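Turn these sequences into a full structure, and let the hints guide you.
Listed below are the residues making up each chain.
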Amino acid sequence: MPANVFLNFLFLLIYRHGSKHIAVFLISTLVVMLFSSVMLLSHAVEEDIKVSLAAQPDFIVQKIHAGKAVDIPMEWADEIRSIRGVSVALPRVYGSYFYTPNSHYFTIVGIDPFDKQISTSLEALLQETDLRSFLSEDQMIIGQGVKAQLDQHRYFDHYLFKAPNRTKVRVGIYKSFPKESSIVSSDMAVMELDLAKRVLGIEEEFSTDIVLFVPNELERDNVREKIILQHDDLRVIEKEELAVAYEQLFNYRGGVFLLLYMIVLVTFVLILYQRYSMISSADKKEIGILRALGWSINAVIKLKIMESLVVGLSAFMLGLLLAYCYVFLLDAPLLSSLFLGHGNLPLDIVFNRSIDFGMLTLLFLFFIMPYVAAVLIPVWRIAITDPVEAMK
Amino acid sequence: MIHIEHLNKVYNENAANAYTALHDINLHIRPAETVVLKGVSGSGKSTLLSIIATLIKPSSGELVVDGEQIAKLPDTHASHFRNAHIGFIFQAFNLFDELSVKDNIALPLIVTGMSQKSIDEKVQQAMKIAHISHKQDQSVQNLSGGEKQRCAIARALVHEPKIILCDEPTANLDRENSLKFIETLKQFKALGKTVVIATHDPLFDGLESVDRTIVIENGKITSS
Ligand SMILES: Nc1ncnc2c1ncn2[C@@H]1O[C@H](COP(=O)(O)OP(=O)(O)O)[C@@H](O)[C@H]1O
Ligand SMILES: [Mg+2]
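Chains A and B supply the protein sequences, listed in that same order. Heads up: the first sequence is residues 1 to 392, going by my numbering. Heads up: the second sequence is residues 1 to 224, going by my numbering.
Be aware that a few hints might be false.
Stated by the list, open to error - Pairs of lysine-lysine residues, derived as BS3-like cross-links and limited to a Cα-Cα distance of at most 27 Å, are as follows: (1) B:117 <-> A:302; (2) B:135 <-> A:20; (3) A:284 <-> A:20; (4) B:128 <-> B:117; (5) A:285 <-> A:20; (6) A:392 <-> B:117; (7) A:302 <-> B:72; (8) A:63 <-> A:285; (9) B:220 <-> A:392; (10) B:57 <-> A:285; (11) A:226 <-> A:68; (12) B:162 <-> B:72; (13) A:116 <-> A:239; (14) B:128 <-> A:284; (15) B:128 <-> B:180; (16) B:135 <-> A:285; (17) B:72 <-> B:57; (18) A:302 <-> B:57; (19) A:392 <-> B:72; (20) A:68 <-> A:162; (21) A:226 <-> A:239; (22) A:116 <-> A:175; (23) B:57 <-> A:284; (24) A:285 <-> B:162; (25) B:72 <-> A:285; (26) A:392 <-> A:284; (27) A:284 <-> A:302; (28) A:162 <-> A:147.
Said to hold, decoys possible - Listed next, the stretches of chain B that the computed footprint assigns to chain A, with coverage defined by at least 3 CB atoms under 8 Å from CB atoms of chain A: (29) 19 to 32; (30) 48 to 57; (31) 110 to 120.
Stated by the list, open to error - Derived DEER-like restraints, expressed as beta-carbon distance ranges: (32) B:6 <-> A:314: 50 to 56 Å; (33) A:389 <-> B:80: 19 to 25 Å; (34) A:23 <-> B:115: 33 to 39 Å; (35) A:313 <-> B:42: 44 to 50 Å; (36) B:116 <-> A:389: 31 to 37 Å; (37) A:360 <-> B:141: 41 to 47 Å; (38) A:51 <-> B:115: 55 to 61 Å; (39) B:215 <-> A:23: 48 to 54 Å; (40) B:69 <-> A:263: 41 to 47 Å.
Hint data in this document are derived by calculation from the structure and do not stem from the laboratory. Keep in mind the model is a prediction, meaning the values are calculated, not measured. A virtual CB, placed ideally from N, CA and C, is assigned to each residue, including glycine.
Pasting the structure below:
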């Protein structure tokens with residue numbers, strides 16, 4: 001039969017049966033949206049962690065006192081740098097600052113503008129900054145989150161930090177970065193090294209920790225041992241450990257969501273089954289009529305499958321589109337905090353618009369199979385019975 | 001046109017509730033003949049019409065329609081045969097209530113391979129013959145009984161079958177519409193259709209447009 005004649009009739013039928021399809025359509029859209037939101041989000045987060053980890057130093061060295069990380073003398077960085085295999089060893093100055101008005105933490109990051117930066121994003125930040133004017137007074141560059149908090153309390157051009165030694169440190173706001181730039185994390189305030197130390201209460205010759213890069217993988221174990229030999233109160237964290245920690249966190253969350261998936265999927269299949277397997281007497285009669293008018297079993301099945309496929313596919317597409325908007329345009333409110341656990345990850349998450357097409361295909365199959373099966377089986381059962389019986 | 005020899009139909013064959021609805025039917029209907037199949041309710045009229053239409057299969061016997069052996073055709077062939085040769089007017093009309101008159105009439109043509117244009121033309125033609133053109137865009141659920149039947153008549157004619165089968169065509173109609181239907185028989189004749197009408201309505205007795213009346217009792221033909 002000419003395709004357009006068949007399609008004309010197909011869409012006419014779907015249109016006329018609109019009320020019959022609408023419930024299934026809406027439920028399906030919702031299910032697809034839920035599933036693909038989680039999928040898009042988890043993929044985006046995973047990708048982001050991968051990228052962030054890649055930029056992380058190979059080792060982080062902390063000084064431990066009574067089981068707690070304490071500030072570490074900066075000169076130790078020079079000692080470590082002299083170990084064979086270490087290409088770069090840099091003291092870092094950073095820490096959390098509790099912003100009392102909103103009970104929120106800022107991450108203070110100190111930089112030495114004339115030294116090598118530990119991350120490419122900081123490198124990029126300095127590239128874009130006029131250092132002379134930035135360093136002319138005590139100033140900081142802040143992320144969007146920090147700016148929002150400060151704006152709320154009308155700190156538009158400066159903020160008075162309360163240092164641990166009870167003095168107040170006035171720091172001007174040099175500029176802020178938009179969220180999309182991904183150069184500065186949302187909760188970050190970047191300032192000159194010594195200024196950061198004053199705000200955080202770190203002594204002159206100390207830093208928070210020391211990071212080092214060991215380009216040759218084979219030398220890493222060796223380097224690690226030598227560092228521990230130099231000082232016995234050091235803790236050396238390897239990048240691999242971080243990766244494993246993230247992965248575990250991720251797998252755990254993934255497992256929880258897998259469970260949710262299953263529950264939703266089972267519900268979905270049950271609803272479909274209810275809707276289609278107890279095919280109404282009106283549906284039955286229609287099939288009987290078509291058969292009596294000379295439609296073959298195949299033609300009837302084709303019609304009914306296409307009917308449900310059109311409904312299913314449009315629900316899938318709409319669900320996916322909604323999920324895309326929800327995750328990438330709205331930044332997944334609710335779901336992201338559920339997923340990321342209130343932003344307690346040390347890495348800042350920027351949702352890259354990357355889509356895992358393999359997962360998408362899987363989702364599509366998992367969605368469409370129960371769908372088609374729920375339609376095919378009852379339709380087939382009726383189509384092969386006598387038209388006279390079906391029309392009764 | 002229709003040749004039936006030693007045809008039997010047993011419902012629920014090989015089961016405890018087996019029921020023989022047709023016994024050794026022998027019947028020959030010539031082309032363009034209009035035949036009334038008369039009998040009380042339960043005598044087997046619908047069963048016989050359904051077998052001729054290949055809607056159900058006989059248990060045994062021969063059935064040749066328009067030179068074709070159709071007693072044991074597999075589904076695709078039977079469907080194709082129905083679509084090409086049979087126009088069926090059901091007692092309950094069997095229309096799609098949500099569809100319009102003209103979309104209902106087009107139903108048999110969708111699987112013929114015709115273009116949309118020729119489908120539309122044929123539908124218009126059939127509606128003219130059945131006097132239902134003025135209701136073509138109405139949804140069937142808003143039609144009266146008589147209009148529904150005229151829609152069903154148009155649908156039975158639209159694919160230009162040689163054979164028209166009518167099962168109790170006047171059972172759901174008032175007298176006025178029943179007489180209108182009897183008028184339609186003349187048109188069927190003019191179009192050269194072979195017509196079989198299953199009925200127990202005395203209105204069909206002694207009609208000029210009916211060539212022959214066959215009486216069926218308890219699944220047996222007693223007079224033809
Ligand atoms: N599907 C069926 N299963 C069992 N018995 C049937 C079935 N259809 C019809 N019958 C029986 O066959 C007989 C003839 O039925 P039918 O052909 O419908 O008669 P009519 O159309 O003359 O009223 C009736 O006794 C009816 O009960
Ligand atoms: Mg009957």
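- request: State whether the coverage of the segment 19 to 32 of chain B by chain A holds or is violated, taking the criterion as 3 or more residues with Cβ-Cβ distances under 8 Å.
  value: violated (count 0)
- request: Kindly confirm whether 48 to 54 Å is satisfied by the beta carbon distance between residue 215 of chain B and residue 23 of chain A.
  value: 52 Å, holds
query: Do the alpha carbons of residue 302 of chain A and residue 57 of chain B lie within 27 Å of each other, as the hint requires?
result: Holds - the C-alpha atoms of residue 57 of chain B and residue 302 of chain A are around 24 Å apart, at most 27 Å.
field: Coverage criterion applied to the segment 110 to 120 of chain B (partner chain A; beta-carbon cut 8 Å; 3 residues)
entry: Answer holds; 8 residues pass the 8 Å Cβ test.
message: Checking one constraint from the list: CA of residue 284 of chain A to CA of residue 302 of chain A, max 27 Å. Satisfied?
response: Holds: residue 284 of chain A and residue 302 of chain A sit about 15 Å apart, inside 27 Å.
- prompt: Does the Cβ pair residue 389 of chain A, residue 80 of chain B satisfy 19 to 25 Å?
  reply: 21 Å, holds
field: Pair hint residue 226 of chain A and residue 239 of chain A, alpha-carbon separation not exceeding 27 Å
entry: Distance ~17 Å between residue 226 of chain A and residue 239 of chain A Cα, so the pair holds.
message: Tell me if the straight-line CA distance from residue 128 of chain B to residue 117 of chain B falls inside 27 Å.
response: Between residue 128 of chain B and residue 117 of chain B the Cα gap is close to 17 Å, so the pair holds against 27 Å.
Restraint status (C-alpha distance of residue 392 of chain A to residue 284 of chain A at most 27 Å): OK: residue 392 of chain A and residue 284 of chain A at ~9 Å, within 27 Å.
query: Holds or violated: residue 57 of chain B with residue 285 of chain A, Cα cutoff 27 Å?
result: 20 Å, holds
message: I want to verify a distance hint. Is the separation of the beta carbons of residue 51 of chain A and residue 115 of chain B within 55 to 61 Å?
response: At 57 Å between Cβs, range holds.
- prompt: Are the Cα positions of residue 116 of chain A and residue 239 of chain A separated by 27 Å at most?
  reply: 20 Å, holds
Hint violations for this structure: numbers 6, 8, 14, 29 and 40, all remaining hints satisfied.
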